[in-house]
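Chemist: These are the residues of each chain, in order.
Protein chains: 2
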Amino acid sequence: MRKEGRLTRWIGWTVIVAALLLLGFIIGWFAKPTRPNTPNDTVSGKYLREFLDEMRPEQIREHLRKFTRLPHLAGTEQNLKYAEQIMKEWKEYGLDSVEMVPYDVLLSYPNKTQPNYISIIDQLGSEVFNTSLAEPVPEGYEDVSNIVPPYSAFSPKGQPEGDLVYVNYGRTEDFFQLERDMRVNATGRIVIVRYGKIFRGNKVKNAMLAGAKGIIMFSDPADYWAAGVLPYPDGWNLPGGGAQRGNVLNLNGAGDPLTPGYPAKEYTYRLSLEDGVGLPKIPVHPIGFHDAINLLKNMGGPIPPNNWKGALNISYRIGPGFTDDFKSQKLRMNIHSNNQITRIYNVIGRIRGALEPDRYVILGGHRDAWVFGGIDPMSGAAVVHETVRSAGRLISKGWRPRRTLIFASWDAEEFGLQGSTEWAEDNAKLLQERAVAYINADSAIEGMYTLRVDCTPSLHTLVYDLTKQIASPEEGEEGVSLYESWHKRDNWTDNRDAPRISKLGSGSDFEAYFIRLGIAAGRARYTKNKKTERYSSYPVYHSVYETFEVVEKFYDPSFKRLRAVAQVRGGLIFQLADSQLLPLDVNQYADALGKYAQSIAQLGHRHPEEMNTYRVSFDSLFSAVENFTVAARDFHERLQTLNKEDPLQLRIVNDQLMYLERAFIDPLGLPGRPFYRHVIFAPSSHNKYAGESFPGIYDALFDIQNSADKQKSWEDVKRQISIAAFTVHAAAMTLTPPS
Amino acid sequence: MRKEGRLTRWIGWTVIVAALLLLGFIIGWFAKPTRPNTPNDTVSGKYLREFLDEMRPEQIREHLRKFTRLPHLAGTEQNLKYAEQIMKEWKEYGLDSVEMVPYDVLLSYPNKTQPNYISIIDQLGSEVFNTSLAEPVPEGYEDVSNIVPPYSAFSPKGQPEGDLVYVNYGRTEDFFQLERDMRVNATGRIVIVRYGKIFRGNKVKNAMLAGAKGIIMFSDPADYWAAGVLPYPDGWNLPGGGAQRGNVLNLNGAGDPLTPGYPAKEYTYRLSLEDGVGLPKIPVHPIGFHDAINLLKNMGGPIPPNNWKGALNISYRIGPGFTDDFKSQKLRMNIHSNNQITRIYNVIGRIRGALEPDRYVILGGHRDAWVFGGIDPMSGAAVVHETVRSAGRLISKGWRPRRTLIFASWDAEEFGLQGSTEWAEDNAKLLQERAVAYINADSAIEGMYTLRVDCTPSLHTLVYDLTKQIASPEEGEEGVSLYESWHKRDNWTDNRDAPRISKLGSGSDFEAYFIRLGIAAGRARYTKNKKTERYSSYPVYHSVYETFEVVEKFYDPSFKRLRAVAQVRGGLIFQLADSQLLPLDVNQYADALGKYAQSIAQLGHRHPEEMNTYRVSFDSLFSAVENFTVAARDFHERLQTLNKEDPLQLRIVNDQLMYLERAFIDPLGLPGRPFYRHVIFAPSSHNKYAGESFPGIYDALFDIQNSADKQKSWEDVKRQISIAAFTVHAAAMTLTPPS
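Protein chains in written order, with UniProt numbering: chain A, 1 to 739; chain B, 1 to 739.
These aren't lab readings, by the way, just hints derived from the structure by calculation.
Since the structure is predicted, the reported quantities are computational estimates derived from the model, not experimental observations.
Please note that a few of the clues may not be correct.
Stated by the list, open to error - Lysine-lysine pairs mimicking BS3-like chemistry, simulated, CA-CA at most 27 Å apart: (1) 595(B) <-> 429(A); (2) 429(A) <-> 488(B); (3) 265(A) <-> 644(B); (4) 710(A) <-> 265(B); (5) 281(A) <-> 488(B); (6) 595(B) <-> 531(B); (7) 503(B) <-> 531(B); (8) 488(B) <-> 553(B); (9) 429(A) <-> 429(B).
Stated by the list, open to error - Pulled a few chain A residues facing chain B out of the computed Cβ check, cut under 8 Å: (10) 21; (11) 25; (12) 399; (13) 433; (14) 647; (15) 651; (16) 667.
Unchecked claim - Partner residues aside, some chain B positions facing chain A, computed with beta carbon under 7 Å: (17) 13; (18) 17; (19) 113; (20) 267; (21) 269; (22) 357; (23) 529; (24) 533; (25) 591; (26) 652.
C-beta: ideal position from N, C-alpha, C; glycine also.
So here's chain A without its partners, still in its complex pose (with noise of 0.2 Å):
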């Protein structure tokens, strides 16, 4: 019985003291983490929340009126003040490290004591009008200087004389309507175009292949005015004195046009003038509506078509020259700008990433204005301040995001976009490597009505998600959000019940991260109502009167609206830097895939014997897009088993999203543009702004119209439809399980 009792008792004891032991060894082995450092999306979720709500309208409207009291010209030592502050402000408000990163570019300025200008001369020569050498200045600002003058950046010197021809815009097809149906030849002549539709330097580019020996180009209020609106100070129009700047290159992406494909360094070998990337070889220079009235009004020549007159009180006649009244007089431009090789410096501020500090998401917006920059740039670069203010406020509060925030104020982007592309030239091979994506912050607001996005097709379902999560900035939509007041504003009827969101073209400092290197891009701004808004841009675009009280009394007086683009902006970094997964959605590619293939193909068909004759056939380029199809929606469904907690598993899923944008970089480029080289998106060779699907066949279909040789164009688009095709199906396997 003792000794029972005894046993009994030492395998009682026994089986508690395992029992405990395992207990402890239960609680030891499940209280250690699998892995240190892997934050969930909860507590991601909740640091969103307020970082989005740390930004305030009163932080914004400080900014801009910080940096908009000077004019900052790229290359000017204002231009430099403003981004030793910039740095210094970034410091303060908490990032890792924050540096200058400048380089010695061509820009063009005019010439201080020989101003440009255009005259009407009689046959001794002597002028008998002249256009105005600057615009009126706006109240409050008198006694600013260094406001330079309305001028095409990077027109060759020269005075030129000749008869005038109006070629409506300047497009492609209206120098085609000019030389086929009017019988009009521009050869040795002048050519006046109005701005708008389409990139001031494909106009240039088009008056010199029509031979002319310079080009005009005047703001015509039916392009530059909206309905019932006051010229500025007292509205948000144009002014008959004011006109509009900006560069007149054809770079099609190389950025400085000395050093193609290489950052423009003290050491850097520079190619000749003559030999640069994208210079005009005649003058260019732009007016106001004031000046372009005296310039047309005494045209002679035919009386051109409705869609070619604007809304002056003229009657746009075409020329060439004056009516016979004023038959000897011409029109003679004199050009005095200089080409000069200047320093410029972009800031870079950086949060390193917690956990994969070798992956890049990237804000990055310009700085240089062609004067204050009220709207462009500096209502983006508020906004990427109060950005950088409220990621400062979260990392004081002990928040690291996953991924490393570079935030960038670029240079030089009038001129051509040059600080963004001489970075990324110089960084080309760290981004290709490590850049998850691009958000671009130029000017946050184009007008009064609603959200406008325009992104790669993998952004959009983050879109999406993030707008429901911002409050719409508009009165009386308390409690709405801003998805649901963009939805109602602009719903997307064609494709889906959705807000549009857009292609991107180009024309601002994303072009080279997304168009050269292939980094998945975005931007977002408020813009107008674009079914009753007819202008271009808005109205005092690149004037004198983009200033702060363009955008405080008119824009957005309560700062609510660049409050939500920021909110967008910000959202869309600290999502993709902080995802455990990348927010990208390859299926909203696939989708998009489709429907440009069925756009691009409607084009062809368009020449149904043709396509016959030559057999051209698009169905390489649909068995792509199919393929690509399934392989994305593979790709999703092996997500939802994902274990989220193996960080290799993880990274080569983030790879796989990440390099997906790559895989539709050819390295060859599109067919003479080097540095265009994204198959599914870059603008058409006719207009740089207007982001094109498929641009090469765009292109190559494009050129049919006008093409001597039918074969050989129509061999071009063989040939394109069968780049298009690979780039997918390669595309397509960067999808499939890695092995």
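For this one, chain A is given, so just place chain B on it according to the hints.
Modeler: For chain B alone, kept in the frame of chain A given last:
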């Protein structure tokens, strides 16, 4: 007392319970692995030993025997049969997957009914001498059909007639000498040159540039005859009736001439033959030295310098044409070969990586042969086969490499590296993002003396470490390592006390991987004693006498040399695929860059006055190399403290190592050669075989000597120095800590 006792007891028990729980907790905490599946390098090392030891000479012998019985030219049925057999056997050996990947590329074959030959014709046009239509068939192969006669693949059809001009090796400098010193013009004539020194395609290009209407190439005993060795079958020298086949393209890395930049799939757009890349425009034909004597013996014109004389018992006069007695005789080439689009087949086998399936290590070599391919390529293919067999054995023991292993049997290498290049084009996106290294497996033996390794500098250390673990195959060297044996025979005297390792040139399938895509690459084979054996490649190269027997009887009767090569190639891919930390040595790259910069600068300083006049400096390059050297040193220092247990930290560092080679790629390519993109290594424009360091600078300097516009030529040099400096700086950036 009682109460106190109870309390004490209570405390005692509590302490015991807590201690037990704590003990359990501690055991549980530490028993749990931080991460699953982190095999360490000790385990990997044990498997490496087994992997190397499993490779057997008799197995290699059997593989070689099996795949050299019948001619297997690219595009023929027999070569497809071998592909199917390889596919089947690789599956049996245990690869995870093996697939056949076809492409439709441009190949070239003699016309079966109209043979190619060269005639001496009299003034009536009658043939007084004709070159042989085929090589005498080696004994034992008399009944074999489908032996293609010697021809120059891709020669256009044609029957040019004219006088002969002898131009030594047909190098750029030979043509200079011909035209400048000897005042002989090749225009309108048929050029005859001896094989050797440079790639035959470069000879053809030079003849075209000189205006020749045809070119004949012959194998001179001076270049294809080893002293004291009998001709095949009694020895391994080239019989007088033997001739060297080979393609005469100037592809510069384009792959299929009709689909440059894209894989030659069914849907792929093809250029017309006229627009095809690198196709020669003049007829070309190869002959042996028996025929050559007959063409050369009666030649007239000047007696050449001694270094133009071969080993035939003739005077090697330059021409043009024959001596007085034979003045009326001319030469006629009769070439009837056809270019035709033909299906080729790569075999691709894989072992999926256990932890990083999205990282690729590739072992690739070609399978197609001009005839039997006893040496080229089957000595290499047999080695790959044995490597796959050995890897399969490890798999069956439960091993699986950390990264994915890819084995490739390429087709149509002999027609311009087409199989490997098309696959690289097809998979470019994946390879660019995922490929760690490419090891080439062409001919495994070209001599009986010692090891030869050509590879990228970052592989040097791995090659040395590995060869110390492999036994010397030489008789009487039992217990001596391959490293020691190699070191003793070929010390790298100029540079360092270690076995010589050379730069990669081109001429085999690594080209697209290394020079176009920037994937770390290397090759290894057994070679001759370069100090005493002066002949080019090996005597029977590309002749019908490259049989199984030439290897078995002369080159490697024990098959131990081939085993040693198998162990080097196999060991390299094993270590690259299975090491936790990639075995790439960045410091070695820094050292190499330093030497290359010195040596290219010396080349420039041969023109001290012009360097001064045109203000040419290599300073930016030296400063970039210095920068890289510091970055490399710091990188390796940081590796000392790397936490290899953290999978993300490890992956980040491995990515830096992997992408270093990629950083030397210039997406714009070298001038005029868009597919030669490696700024540090590429063949010069004057010889595809010879790898030059800083080839852009090298070519620009080469052109100086013959330049009419010195200013322009030196501007080219300056531009190339700037590009090289930028590229080295950019590569250095990839080594700094990411953020």
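Chemist: Each hint should be assessed against the structure and marked as holding or not.
Modeler: Against the structure, the hints come out as follows:
| no. | hint | in the structure |
| --- | --- | --- |
| 1 | 595(B) <-> 429(A) | 24 Å, holds |
| 2 | 429(A) <-> 488(B) | 41 Å, violated |
| 3 | 265(A) <-> 644(B) | 38 Å, violated |
| 4 | 710(A) <-> 265(B) | 26 Å, holds |
| 5 | 281(A) <-> 488(B) | 66 Å, violated |
| 6 | 595(B) <-> 531(B) | 23 Å, holds |
| 7 | 503(B) <-> 531(B) | 18 Å, holds |
| 8 | 488(B) <-> 553(B) | 26 Å, holds |
| 9 | 429(A) <-> 429(B) | 15 Å, holds |
| 10 | 21 | 4 Å, holds |
| 11 | 25 | 4 Å, holds |
| 12 | 399 | 16 Å, violated |
| 13 | 433 | 5 Å, holds |
| 14 | 647 | 5 Å, holds |
| 15 | 651 | 6 Å, holds |
| 16 | 667 | 5 Å, holds |
| 17 | 13 | 10 Å, violated |
| 18 | 17 | 6 Å, holds |
| 19 | 113 | 32 Å, violated |
| 20 | 267 | 4 Å, holds |
| 21 | 269 | 4 Å, holds |
| 22 | 357 | 5 Å, holds |
| 23 | 529 | 41 Å, violated |
| 24 | 533 | 41 Å, violated |
| 25 | 591 | 21 Å, violated |
| 26 | 652 | 5 Å, holds |
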